[in-house]
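Chemist: If you're matching them up, the sequences are chains E and S in order. Residues in the first sequence are numbered from 370 upward in steps of one, following our numbering. Residues in the second sequence are numbered from 19 upward in steps of one, following our numbering.
Just so you know, these hints were derived from the structure itself, not from any lab. Quantities reported herein were computed from a predicted structural model and do not represent experimental measurements. Just so it is clear, CB atoms sit at the ideal spot from N, CA and C, and this is done for glycine as well. A few of these clues could be false.
If you only want the chain E side, here are some residues facing chain S, beta carbon under 7 Å, derived [said to hold, decoys possible]:
{"hint": "1", "residue": "Ile427"}
{"hint": "2", "residue": "Thr470"}
{"hint": "3", "residue": "Tyr524"}
{"hint": "4", "residue": "Pro669"}
So the chains spell out like this:
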Amino acid sequence: MVDVLVFFIGASLLLYVLLGGSDYGAGIVELLPAGARRERQKHVINDAMGPVWEANHIWLILVVVILFMGFPTVFTTLMIALHVPMLALLVGIVVRGTAFTFRHYDARQEPASQRVYTILFGVSSLWSALWLGIIVASLGRAKIDRHATDVWSAYFAPWWGLYPLAVGVFVACIFVFLAAVYLIGETGEADLRRRFTRIGIAANAAVVIGGGLVFLAALGEQDPLHRQFLRNPETLGVVGLATLMCVALWTSVRRRSPLATRVVAGAQVTLILLGWWLLYAPDVLITTDGPMTFHTTAAPPATQRQLVLALLVGSAFIFPSLFFLLRVFKSRRDSEGAE
Amino acid sequence: MDNLLAARATMAFSLGFHIVFAAIGMTMPFLMSAAHWFHLKRGDEEYLALTKMWMKGVAILFAVGAVSGTVLSFELGLLWPGFMEHAGAIIGMPFSWEGTAFFLEAVAIGLFLYGWKRMRPWVHWCTGLAVGVTGFMSGVFVVAANGWMNAPAGFTWENGVASDVDPVAAMFNAAWLHQTIHMQLAALQAVGFGVGGIHAFLFLRGRAPSLHMRAMKIAMVFGATASLLQPLAGHFAAQRVAELQPAKLAAMEGHFHTSTRAPLWIGGIPDVDTQEMRMGVPLPGMLSFLAHDDFDAEVIGLDRFPRDEWPPVVIVHVAFQIMVGIGMAMAAVALLYFWFLRKKHFPRWFLRTLVAFVPMGMIAIEAGWIVTEVGRQPWIIYGVMRTADAVTPVPGMVYHFYLFLTLYLTLAVVTVWLLRRQITTAERTLGG
Numbered sequence: 370m371v372d373v374l375v376f377f378i379g380a381s382l383l384l385y386v387l388l389g390g391s392d393y394g395a396g397i398v399e400l401l402p403a404g405a406r407r408e409r410q411k412h413v414i415n416d417a418m419g420p421v422w423e424a425n426h427i428w429l430i431l432v433v434v435i436l437f438m439g440f441p442t443v444f445t446t447l448m449i450a451l452h453v454p455m456l457a458l459l460v461g462i463v464v465r466g467t468a469f470t471f472r473h474y475d476a477r478q479e480p481a482s483q484r485v486y487t488i489l490f491g492v493s494s495l496w497s498a499l500w501l502g503i504i505v506a507s508l509g510r511a512k513i514d515r516h517a518t519d520v521w522s523a524y525f526a527p528w529w530g531l532y533p534l535a536v537g538v539f540v541a542c543i544f545v546f547l548a549a550v551y552l553i554g555e556t557g558e559a560d561l562r563r564r565f566t567r568i569g570i571a572a573n574a575a576v577v578i579g580g581g582l583v584f585l586a587a588l589g590e591q592d593p594l595h596r597q598f599l600r601n602p603e604t605l606g607v608v609g610l611a612t613l614m615c616v617a618l619w620t621s622v623r624r625r626s627p628l629a630t631r632v633v634a635g636a637q638v639t640l641i642l643l644g645w646w647l648l649y650a651p652d653v654l655i656t657t658d659g660p661m662t663f664h665t666t667a668a669p670p671a672t673q674r675q676l677v678l679a680l681l682v683g684s685a686f687i688f689p690s691l692f693f694l695l696r697v698f699k700s701r702r703d704s705e706g707a708e
Numbered sequence: 019m020d021n022l023l024a025a026r027a028t029m030a031f032s033l034g035f036h037i038v039f040a041a042i043g044m045t046m047p048f049l050m051s052a053a054h055w056f057h058l059k060r061g062d063e064e065y066l067a068l069t070k071m072w073m074k075g076v077a078i079l080f081a082v083g084a085v086s087g088t089v090l091s092f093e094l095g096l097l098w099p100g101f102m103e104h105a106g107a108i109i110g111m112p113f114s115w116e117g118t119a120f121f122l123e124a125v126a127i128g129l130f131l132y133g134w135k136r137m138r139p140w141v142h143w144c145t146g147l148a149v150g151v152t153g154f155m156s157g158v159f160v161v162a163a164n165g166w167m168n169a170p171a172g173f174t175w176e177n178g179v180a181s182d183v184d185p186v187a188a189m190f191n192a193a194w195l196h197q198t199i200h201m202q203l204a205a206l207q208a209v210g211f212g213v214g215g216i217h218a219f220l221f222l223r224g225r226a227p228s229l230h231m232r233a234m235k236i237a238m239v240f241g242a243t244a245s246l247l248q249p250l251a252g253h254f255a256a257q258r259v260a261e262l263q264p265a266k267l268a269a270m271e272g273h274f275h276t277s278t279r280a281p282l283w284i285g286g287i288p289d290v291d292t293q294e295m296r297m298g299v300p301l302p303g304m305l306s307f308l309a310h311d312d313f314d315a316e317v318i319g320l321d322r323f324p325r326d327e328w329p330p331v332v333i334v335h336v337a338f339q340i341m342v343g344i345g346m347a348m349a350a351v352a353l354l355y356f357w358f359l360r361k362k363h364f365p366r367w368f369l370r371t372l373v374a375f376v377p378m379g380m381i382a383i384e385a386g387w388i389v390t391e392v393g394r395q396p397w398i399i400y401g402v403m404r405t406a407d408a409v410t411p412v413p414g415m416v417y418h419f420y421l422f423l424t425l426y427l428t429l430a431v432v433t434v435w436l437l438r439r440q441i442t443t444a445e446r447t448l449g450g
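Chain S extracted, bound-state conformation (with noise of 0.2 Å):
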């Protein structure tokens, strides 16, 4: 492994790493604040279990979501200070609204779960939805500093040197509202169905299933609603990326050449070399009208970039075709899911395919990100500056990916461990 290729590995498996937590963390507090809601209005003691159940859930992922939030603030300078040097003072400003929103996050979170009995209920209730909102906040603003490096704005970029900075244009650059939004739905949709599954197999298996099934419903309404909502962000996104990196949107669906009435590929391999999709299902025009709202638009293809500007067509492809495909998927799911609720009736095989769904949203998200990252290389900076110019010149970047590689998969594992240890100490403490 080269040092560029360890850092941008170091850099991923971060990132990975992270954004599971930091999807959880935006996610969990508000399922938590609703089960915290039924409780106080109707008095159920079962409410109240629940509550607590998700919260030590949420205070375990919360400590290593901000631990390897903290890492990540630090990597952007040990691994890419080329990058930093310049974008600090441009793309700093949705960084520091996000130091203030996880600020207060920590604090409402040092309130919940410590507050009980020391405050009014409702007050404590909202003490738990505040963890909620500045967790989302924060994500809202990260992403939008990830928007700026797939469609830079705000300043002038002459002989590698940026002038006239202007913080606010960059921080609301072209792509900060799409990529949120698709984002946030997208945490809401793993993280509902991720809960919900689990809970539908703890119901299957019997022990405290009255519990579990109202777990199950919380965290799907979360769930099975942004799935729905998913698709049209999704639309909206793959506009805006035809329009801002039409690169990455060339590589996403394998178009090698620029033509009109562009097919949309299900599934399909594509073949670099003899620049060909190779099996797969094409859709005649459907790329045009999904990308330009016309059959017979031109979409641009790779064949526009010079062949070192092109990102890795296969990895983006089959990313990107996974993202869609789960997503369409769980929106079936969804649909369902609230046919059954209507009916009142959950047949066992449905919620067997919940189960079958917890890990499909995270699935998703990080295939999302692949598409979203790899498909903007070989550039940090669109058009600006490339990857391999952002580099650390410290070498030996392979021990750093090995040390975190290393600390990352057994926090990974204790963390999962210690979760498991929560649900069945209190399903024994409500059997009896």
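If we strip away everything but chain E, and leave its shape as in the complex, we get (with noise of 0.2 Å):
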């Protein structure tokens, strides 16, 4: 029952990252410098992810409530020791849903106004990526201290450091990444298909680098986790999978198909959580004491059970609504746009 719930928990978290991830990474390519196209790039952005993203964000909403109703402790300790960041991660996401929506509804679309929206709406798309970065880089890290009497060690150690902020940077970049990707295939105009492919390529060449930063930052700040790094093979292969990986976007970018492109980066971005998730498990946090597994923080049997029947239930009903959702909006390419 346990291993339905880390499944389930897993996959929200996998399409958190490759459906809300490039709706933030739209975000961040509405700050980079676009000049005249900037009109128009807005406009593709607005029709591509304004269908899908209230939908997109629900899969965090998912993950919280997985882990609050299945793993109450983990929960708990989480949403203490990493307050701070958790409450950064709230204010970017307040930010750039209600920028983004108010950007589209606003019945006057003056220049100055749509360019605050613009603003808010980019720059907490990059905050949110980073904050989510370092949340994730500070659960193994080893430094959730429970029985921390002072301020700095209890709510600051935690998530301060080097390593996460990399791994928040590297989240950016992966974000950016599977933006411009998918954003090549929303537009009919060849400059801006061309922007995009050149955003993708630069972002997918910063995935890289921005990789080996956080684990030059992991060695420097000795994570217990990235020590292990070299000694698992699983995750090795998987990590070295998804760089070779790159050969193939390269020549589905140069043969200009927006589809081979797509799934080609979403298995490298699944490869890389997968990668990472090989590291983990089985743990789910690792705190001074050690470390907390999925299985020593389960919630009882009978919640289990609800949570999975819940689940399953959902699915059901989610999963092909989803399916509607995109057959209507993605079968046909045509510009009539929205109301």
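Dock chain one against chain two, each of which comes alone in its own frame, and use the hints as you go.
Modeler: Structural data, given as structure tokens:
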């Protein structure tokens, strides 16, 4: 039963990174200098993200709900030790979601207010991506001290440092990469496609470099998890495969096949996440007392059963409706636009 | 402000903010679907304009509701880790169903907002209705979870540890039914009256009057019907509270001393030191009747509870009076509404009355939540865990409070500004 829950957490996290991630990335892409193409780029992003952004970000809520119902100790430990980064992430989520919607639904599309929305959407997207990475990195650092009495070691030390920041940057690069690859197929305009392709390739390079920086920062801070990195053949294999797939990516980009590019990019990011997961499993959170595993922190069996039931029944409704959503919006590439 | 007070203030403010958007999110899609239905049935373009005007409002308000709801799901743990550590496994179930409902709502709203001309008209209409239905379900699940805090069930509590967890029994706790009925009706009421009043105001101002009259009628049918049903639901709720949380009922009524033939107070301020009610009009025997269907029944007073288990009596009593007073007034206006609807003419003074009622339903909802939440104090899980034992050990919660105060007040101002721009722009287009 616990394994089913772990599978759902993993799957939701993956979908949040792939779908929500490209949504964050789109915000960051809007921060990059675009010159005269800014206005058209904005429309492409509005049309591409508008119908799906609400659904994309619910994967995160799903992770939160599974955690607090299925693994309440993990949830409360995280919410105490990582209060500050969680709060920072929330502020970002609030600002970016509302700025994006307000921009689209402002009845008077004046340049001045539109610019404010766009900047807020972009900055808060970058901000949230960084904090998301910092939170993820903090899970495995063995710096969460549940008995600490001073403010610094209890609430700041768990997430402070170069390594979490490097992961934050790495996550932001991944999001930009996903967004750029996704957006290539969302526009028919040649110059915009070229722009997204260039950003995608640059972001892909940044992902590889960022990954290396994460590794170096982890070594520098003697992160316990990453010391195992080189000794874990599965992780090494998976990350190696992700790196090799860059060749496939460049090929599909050169052949101008948006679908193949998307698939390859998605697979690359999935492999990176899988590598991270393999390094972790079966731990979920490493504290100074040692690792907390999914199995040792799981809620009572009756709760697990109800949660699994809710997830299965929920999936039976959610996946068909998501499929319908995508079919409605992706089957025809007409430019009727939104209301 | 100490840490506990700051955490409570943050929670109260976050919830009080979110609840406005949640109520709108549960109700507006139904109003929108009604207008859309008239358009599809009659081919009337004005109903289409109305549908789209409301739809843009729904989109703006939904975004604010969605993000403030996300904040709440984190804040459960950020503010009350002591609570979530125990409660998560017991009462997570309605939240997991709420997650499902909210997911479907997000998909449906994407389909409806962007799906014009991409689906067959009636399929598209159904996606709009689905937004309302799933939003309504979310509300039911979340309020059921709150019911559990008032009437804990589905676990055994020994030495600070919960065992024998039964999430199904926890979800269908003794308070879930009356709380959800009361809340869902309140949402229909508040939003129906709010939207109806705004359109009454716009009608009186005279731009695009026929559009605003139609809008007012659709909104008021929902608001007025719910207002007439609410006294029944409220009575049912009061009886359940009398049984489940006698201390809360006693605080609501300023009932200090256990007595038979207990009076119902109209107005009045409870004086906690002398344990007397000041001012106000007592109706002898009415509280006994309302709580137990018998004018001579005994109603438990605050004297049966240790002093440190009393909720803040003045706040709860005043909030309760505000809620009931507004509810009664809304029911009266609802009767008038149906009377004028039958006569097919709304006098201007009645439309002005509707304008005055725009904020009333929301004020009543906020007051009602103060009754529920403050009336449960000092408990976070009634009779099991005190709020003070659930609060986060993280210091400096007051900054957390200021942060969200600033963020949400800004959001509120921008939202109102955007909605005004929507209305004036839509009127200008219609006015030619």
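Chemist: Report holds or violated for the interface hint on Thr470/E, using the least CB-CB distance to chain S and a cut-off of 7 Å.
Modeler: holds, 4 Å
Chemist: Go through the hint on Tyr524/E and say holds or violated, using the shortest Cβ distance to chain S against 7 Å.
Modeler: holds, 6 Å
Chemist: Closer than 7 Å between Cβ atoms is the bar; does Pro669/E clear it against chain S? Give me holds or violated.
Modeler: The hint holds - Pro669/E has a Cβ within 7 Å of chain S, the shortest such distance being about 4 Å.
Chemist: Interface hint check: Ile427/E, Cβ to nearest Cβ on chain S, cutoff 7 Å. Holds or violated?
Modeler: holds, 5 Å
Going down the numbered hints, you'll see the structure goes against none, and every one checks out.
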